[in-house]
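J.: The lines below spell out each chain.
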Amino acid sequence: MIINPFKVYVMKNVVKIQEVDPHCNNRRNFLKISGMGVVGAGLLMAVGCNDDDDPIYTDNQYPGVRNGVFDLGGGDLGILSYAYALEQLEADFYTKVVNASQFNSAFSQEQRTVLTDLYNHEVIHREFFRAALTGALPSGATLLPDLAFDYGSLDFNDVTTVLGTAKALEDTGVAAYNGAGRYITNPDYLLLAGKIVSVEARHASAIRTLINFNSVDFAGDDVVDTTTGLDQARKPSQIISEVSSLHFIQTTFTAQFLQ
Amino acid sequence: MNILKFLESLSNENMTKATASRRESFGQFGQIGKNLAFASIPFGLAALTSKSYANDIPVTPSDPVGALSLALTLEYLEKEFYETALSTLGLILPGRERNVFTQIAAHEADHVTFLTSGLQANGAPVPVKPTFDFTVDGAFDPFGDYQTFLQFAQAFEDTGVRAYKGQAGNLISTPDLLTYALQIHSVEARHASEVRRIRGLKGWISGDTSGLDPAFNASYAGEDNTNQAGFNASAQFGAAAGSESFDEPLTTAQAVAIANIFIV
Chain D
2 MIINPFKVYV MKNVVKIQEV DPHCNNRRNF LKISGMGVVG AGLLMAVGCN DDDDPIYTDN
62 QYPGVRNGVF DLGGGDLGIL SYAYALEQLE ADFYTKVVNA SQFNSAFSQE QRTVLTDLYN
122 HEVIHREFFR AALTGALPSG ATLLPDLAFD YGSLDFNDVT TVLGTAKALE DTGVAAYNGA
182 GRYITNPDYL LLAGKIVSVE ARHASAIRTL INFNSVDFAG DDVVDTTTGL DQARKPSQII
242 SEVSSLHFIQ TTFTAQFLQ
Chain V
26 MNILKFLESL SNENMTKATA SRRESFGQFG QIGKNLAFAS IPFGLAALTS KSYANDIPVT
86 PSDPVGALSL ALTLEYLEKE FYETALSTLG LILPGRERNV FTQIAAHEAD HVTFLTSGLQ
146 ANGAPVPVKP TFDFTVDGAF DPFGDYQTFL QFAQAFEDTG VRAYKGQAGN LISTPDLLTY
206 ALQIHSVEAR HASEVRRIRG LKGWISGDTS GLDPAFNASY AGEDNTNQAG FNASAQFGAA
266 AGSESFDEPL TTAQAVAIAN IFIV
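Chains as they are written, first to last, in this note's numbering: chain D, 2 to 260; chain V, 26 to 289.
Honestly, the hints are just simulated from the structure, not real lab data. Don't take each hint at face value.
Straight-line distance between alpha carbons at most 30 Å, and here's what the computed BS3-like set of lysine-lysine pairs gives [what the hints assert, rightly or not]:
no. : chain 1 : residue 1 : chain 2 : residue 2
1   : D       : K236      : D       : K168
2   : D       : K168      : D       : K97
3   : D       : K236      : D       : K97
4   : V       : K227      : D       : K168
5   : V       : K227      : D       : K97
Using the sequences plus the hints, can you model the full thing?
T.: So this is what it looks like as structure tokens:
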């Protein structure tokens, strides 16, 4: 199956692509995203463009390529694939942070300690999901590929930029896991997500205090409701839309079976 | 519940501040010391108390109402702990840390209100607030000594994270309630990270070390787990990072036992 270069995807949680290379000679060629005209969110598309193994899915909602684009799938496997995508982003971001040319000079000791821990934790989370999904995926389902990232002009040597981006990613992670828990049916998976989300919240708290020490931002009124005392929780489609708008993820995928 | 002897016997710090009742405590220690060495429950001794006391809360059922009831009791505890601390003259001096604990106290109060409303809305009985003794029969002085207060705060927040996590499975049949619980759970984790960092620790739990008085060490038992559904979390960066990356749950019985330490 060949992607129509001018096709406008109207499925839920999909953004349209532009300038797709119909021949798929080079995967990177068709990983161009358009942030325009996005309705209902979406990361990009096309992880696979393979005529040969593009199975026609009917009633299963397995993660895998559909119409030339990787779809995260539905059900527990869809949520796990979604979490895997988010952890890939976090892990990649912190990998670039700790490897930035001026990491040791631009950042304070405390900042380096925290950011290095976050790098370790997020890489571990990514590898955990890779392993967990690999073990859990039934025949006919596919592991989300390694995503490609591009941070554009983001200056990894600028403390304010890095901490601000880290804050956004960690808060988003908290809201994502909090919002995804209700869609998990397997209690073991739910517990594992719970084991991770509190670590993300610990991260968010620490980053927020690093940014604004003389504050109560660690659990600030911008994220914790001042009446209920509840943290943020957002649906996968909302999170995917937010993350997509950052334009960090270059690899296209869809989430047509997630709420 | 009088677990004074147990707590004192586990607390090096308190041993250095021996009081008249201490000898009696040491006597107790001699009898139960071997058992204590193997205590593996948060705050140490809950596992040893096979006796139940009149005002102890029972182990809550493994269902949504049970989960919210336990959560409310833990929030009652945290709310009263912080409100008492903030109203104790000279304990938390004006400044950044007082602002932090004022914010935390506000959240715990909100959680009490929210959970009470949630139980009522579901037609479930609302547990009555227990009477708490945060000195644990005089063994500790959290409202007279700021460092002790901080230790308690850390232990309560880290315990809260573990307790909520342990209830997730009991809420899986009620998606809205599960979501609410998760939304409280992550707030407790934000609190825990901040309190730990105030104490000079990492915001995350490394291995099973508490960074607290030894009396609390057992509270962190199991946090050193690096086997997550068969995945070796220590493979990438070692056991410390592997354990930090995943927080571990408490069972209902463990969480209830901890709460009962402070219920009289």
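J.: Would you mind marking each hint as holding or not holding in the structure?
T.: Results for each hint:
Only pairs whose Cα atoms come within 30 Å are accepted, and D:K236 paired with D:K168 is accepted, the gap being roughly 19 Å. This hinted pair checks out: D:K168 and D:K97 have alpha carbons roughly 16 Å apart, not beyond 30 Å. Between D:K236 and D:K97 the CA atoms are separated by roughly 28 Å; this keeps the pair inside 30 Å, and the hint holds. In summary, the hint linking V:K227 to D:K168 is supported, as the alpha carbons are separated by about 17 Å, within the 30 Å threshold.
A threshold of 30 Å between alpha carbons decides the hint, and for V:K227 with D:K97 the separation of about 22 Å falls inside it, so the pair holds.
Against the hints set out earlier in the document, no violation occurs for any number.
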